[in-house]
Amino acid sequence: MKPAVFTGEHYITGDVACAEGAIAAGCKFFGAYPITPATEIAEHMAERLPDVGGTFIQMEDEIAAIASILGAAWTGAKSMTATSGPGFSLMMENLGLGVCTETPCVIVNVQRTGPSTGLPTQTGQGDMMQARWGSHGDYELIALAPSSPQDCFYQTIRAFNLSEKYRVPVLIMADEIVGHMSEKVVIPDASKIKLVDRPKPTGRKDRFKLYEPGPNGVAPMPSIGDGYNIHVTGLTHDERGYPAMTVEAQEEMMTRIKGKIQNNLDDIIETESYRMEDADIVIVSYGISVRTGLAAVDQARALGYKAGLLRLVTVWPFPEAMIREIAGRVKGFVTVEINLGQIHYEVERCAGGKAKALLVGSAGGKIIHPDKVLECIQKEFSL
Amino acid sequence: MAFWRTPLDAQEIQVTRGTVCIIDDRCKGCGYCIAFCPKDILQFSDKFNRKGYHPPTVTKPGECVNCHYCEIICPEFAIYSVETDSAAASK
Amino acid sequence: MTSNPKKLAKQPEHPLDDLIRTERIPHIWCPGCGIGTVFSSCLSAIKATEIPYNKFTMVSGIGCSARGAGYIKLDSFHTTHGRAIPFASGIKMANPELKVIVFSGDGDLFAIGGNHFIHAARRNMDLTVICVNNLTYGMTGGQCAATTPNKAKSTTTPLGNPDAPFNLPLLAYAAGASYVARWTILQTRDLTTAINEAIVRKGFSFIEVLSPCPINYGRRNKEKPLDTLKLYQDRTIIKNGANPALADIDFDKGVVIGKFIDIDRSTCDDRYAELHRPCSDD
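Protein chains in written order, with the working numbering: chain A, 1 to 383; chain B, 1 to 91; chain C, 1 to 282.
Treat the hints with care, since some could be wrong.
According to the in silico footprint, chain A covers these stretches of chain C (three or more CB under 8 Å from chain A) [to be verified]:
{"no.": "1", "stretch": "35–48"}
{"no.": "2", "stretch": "136–148"}
{"no.": "3", "stretch": "151–161"}
{"no.": "4", "stretch": "206–217"}
Keeping only pairs whose Cα atoms sit at most 20 Å apart, straight-line, the calculated DMTMM-like set for lysine to aspartate or glutamate is [said to hold, decoys possible]:
{"no.": "5", "chain 1": "A", "residue 1": "K205", "chain 2": "C", "residue 2": "D17"}
{"no.": "6", "chain 1": "C", "residue 1": "K55", "chain 2": "A", "residue 2": "E239"}
{"no.": "7", "chain 1": "C", "residue 1": "K230", "chain 2": "B", "residue 2": "D40"}
{"no.": "8", "chain 1": "A", "residue 1": "K2", "chain 2": "C", "residue 2": "D17"}
{"no.": "9", "chain 1": "C", "residue 1": "K55", "chain 2": "A", "residue 2": "D238"}
{"no.": "10", "chain 1": "B", "residue 1": "K51", "chain 2": "C", "residue 2": "D190"}
{"no.": "11", "chain 1": "C", "residue 1": "K230", "chain 2": "C", "residue 2": "D250"}
{"no.": "12", "chain 1": "A", "residue 1": "K209", "chain 2": "A", "residue 2": "D238"}
{"no.": "13", "chain 1": "A", "residue 1": "K209", "chain 2": "C", "residue 2": "E23"}
{"no.": "14", "chain 1": "A", "residue 1": "K209", "chain 2": "C", "residue 2": "D250"}
{"no.": "15", "chain 1": "C", "residue 1": "K47", "chain 2": "A", "residue 2": "D226"}
{"no.": "16", "chain 1": "C", "residue 1": "K73", "chain 2": "A", "residue 2": "E325"}
{"no.": "17", "chain 1": "A", "residue 1": "K205", "chain 2": "C", "residue 2": "E274"}
{"no.": "18", "chain 1": "C", "residue 1": "K73", "chain 2": "A", "residue 2": "E212"}
{"no.": "19", "chain 1": "A", "residue 1": "K200", "chain 2": "A", "residue 2": "E212"}
{"no.": "20", "chain 1": "A", "residue 1": "K194", "chain 2": "A", "residue 2": "E239"}
{"no.": "21", "chain 1": "C", "residue 1": "K239", "chain 2": "C", "residue 2": "E274"}
{"no.": "22", "chain 1": "C", "residue 1": "K73", "chain 2": "A", "residue 2": "E239"}
{"no.": "23", "chain 1": "C", "residue 1": "K73", "chain 2": "A", "residue 2": "D238"}
{"no.": "24", "chain 1": "C", "residue 1": "K202", "chain 2": "C", "residue 2": "D17"}
{"no.": "25", "chain 1": "C", "residue 1": "K73", "chain 2": "A", "residue 2": "D206"}
{"no.": "26", "chain 1": "C", "residue 1": "K151", "chain 2": "C", "residue 2": "D252"}
{"no.": "27", "chain 1": "A", "residue 1": "K205", "chain 2": "C", "residue 2": "D252"}
Read the hints as simulated data drawn from the structure, not as lab findings.
As the structure is a prediction and not an experimental result, all values here were calculated from the model.
No residue lacks a Cβ here, since even glycine has one placed at the ideal position from N, Cα and C.
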């Protein structure tokens, strides 16, 4: 057997780094359907999973892919799928099933440009709101946005850890450039990688309730065959997991599903700052657009603007409190994203009129040039 | 059971006897057990169960042959039969 | 009205109670609906295998039949509409030790879930798929299904169904299923035997069970529940090994039932293990 962790320095794409991250995180099941620009993740998983005793299956469509990983997750296996926009759209219903049944799994969306088939081989960040609200009904989940191949490796491990800890589907919202770009990726020694496993039930089987929350709001999760005789349903259910068609049961279930995320924001939300100490103009970005932001900060600083960068590593749940706090002490925000305004509106909402909220977006296809950000800063802010 | 021709060993064959047990409150009154009982020993009772259906009742208690057909055709897990202890049956 | 029953001192135990979530009984199925019979037959078949119960799991989609998963006292999954088979495939491939039973209806498995069905059959995924075919969408109130007979009335075909229905055994066989059978709820013993065989053997096993939907199908097509069962008794022909191509459902001509196909073919998980899991001695 080959090792799960290929310790060393590699020159690999973000897609491959993501797959290696999954293997390092203990992923044992991967179900997917080919789609540009996420296919390389499936290809690499097909090759690597047997090395670690895992299983790869190519399903007949993306609906089947996500259904298969949800099923596999209940056998105790850490599971993942990878797709892009059109496949992500197909996955939406079962994403809701994953949230409702509190099934840990990781879904990678290597974003391309939409709508519809769009520009299949070119980058985009237009699925950010779909990631948050794409499945019907109200819910809460976690979405991370890696901005480099190295980051793909780390964020995939983090995605597995968060999904196991909070029993929730975690989305990795990568994009075509991050996925296809080759860079140096340093894979640490296996002992340096901290892994989290789902809480398992202990105690009497006859008194076990599938959704009775533990201390952090998350219920322990048995696997198929453990003898707990669980019933898992996408219908509104009570703590036993049984369908319960009442307003009270719905409220109790939603409180738990939202609460376990909302009450643990400090643990889930991760951001990074660059030259933010004295900044009064904050560039907000995530994914590949972070590179645009970094260059723009330096160029704006050279012109005398006090610019800084706030990188959203966790995009959902949105770091509302942080943006609100920053809004009180800066002139404005410039959100850089490869769409025509999605996270921008979240920033605007949280800025609450206390600071300007501007968008430097694009219809998609390529990374945004830092000059566009600079133009915006020069036009909207005085020195 | 009616035979067209009586089997030669008819005297030697021991017919098992059964007792029908009915869980009244599970019944929804579809009547399948009544219609398909090979010994025709069931019929709707006059009483109502908790849900307002008429559960079946055994009209000829001694004639059940414990074939279990009522048990396996019942969609409600509401009826089953158990073998009657032959000693008890002969009393 | 005579007298309402007094509360029973002790609830008598049904022989299958150990496999039922009795606190959820009575189930939601209508009076005269055959799903309960198929479900009961499935439980008897599980019992008869004598395999430990924690080796089983039941997966269902959406619809009346799919509610079965909620009544079995085993690890069970009530998933999204049409997606029971890929969900079950994930379970099977992640843990090939498990006996995975898909219990769902014709609308779920063959309309919205048709694509998953043919692919699982093609792969010979080691699943036991039980399809309760009541010729309609029961849960939504009796709409036309992919199995509704031509000219039959439904809420969405008030003047009669213009389309032809699927021949499910033929579809399963053509897609690669290694075990194909069809019974009605009346041949309960044969049905139980078939489900038992399907669970014990390896491979993609498909069992279609004709079952009455008196409320939403029968009512619109002048069939009382006992009329439907009478059809099952008088207008079916048991013919094991029959050609599935001749198994169209037409009660005027007679409906062929029985075990149609039973062939040995390596399964998806076996082949995956063979190709990807070298012996530990190597």
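Going down the list of hints, with the structure as the test:
no. : hint            : result
1   : 35–48           : violated (count 0)
2   : 136–148         : violated (count 0)
3   : 151–161         : violated (count 0)
4   : 206–217         : violated (count 0)
5   : A/K205 - C/D17  : holds (18 Å)
6   : C/K55 - A/E239  : violated (24 Å)
7   : C/K230 - B/D40  : holds (16 Å)
8   : A/K2 - C/D17    : violated (48 Å)
9   : C/K55 - A/D238  : violated (25 Å)
10  : B/K51 - C/D190  : violated (32 Å)
11  : C/K230 - C/D250 : holds (14 Å)
12  : A/K209 - A/D238 : holds (9 Å)
13  : A/K209 - C/E23  : holds (15 Å)
14  : A/K209 - C/D250 : violated (47 Å)
15  : C/K47 - A/D226  : holds (19 Å)
16  : C/K73 - A/E325  : violated (51 Å)
17  : A/K205 - C/E274 : violated (37 Å)
18  : C/K73 - A/E212  : holds (19 Å)
19  : A/K200 - A/E212 : holds (12 Å)
20  : A/K194 - A/E239 : violated (31 Å)
21  : C/K239 - C/E274 : violated (37 Å)
22  : C/K73 - A/E239  : holds (16 Å)
23  : C/K73 - A/D238  : holds (17 Å)
24  : C/K202 - C/D17  : violated (28 Å)
25  : C/K73 - A/D206  : holds (12 Å)
26  : C/K151 - C/D252 : holds (13 Å)
27  : A/K205 - C/D252 : violated (53 Å)
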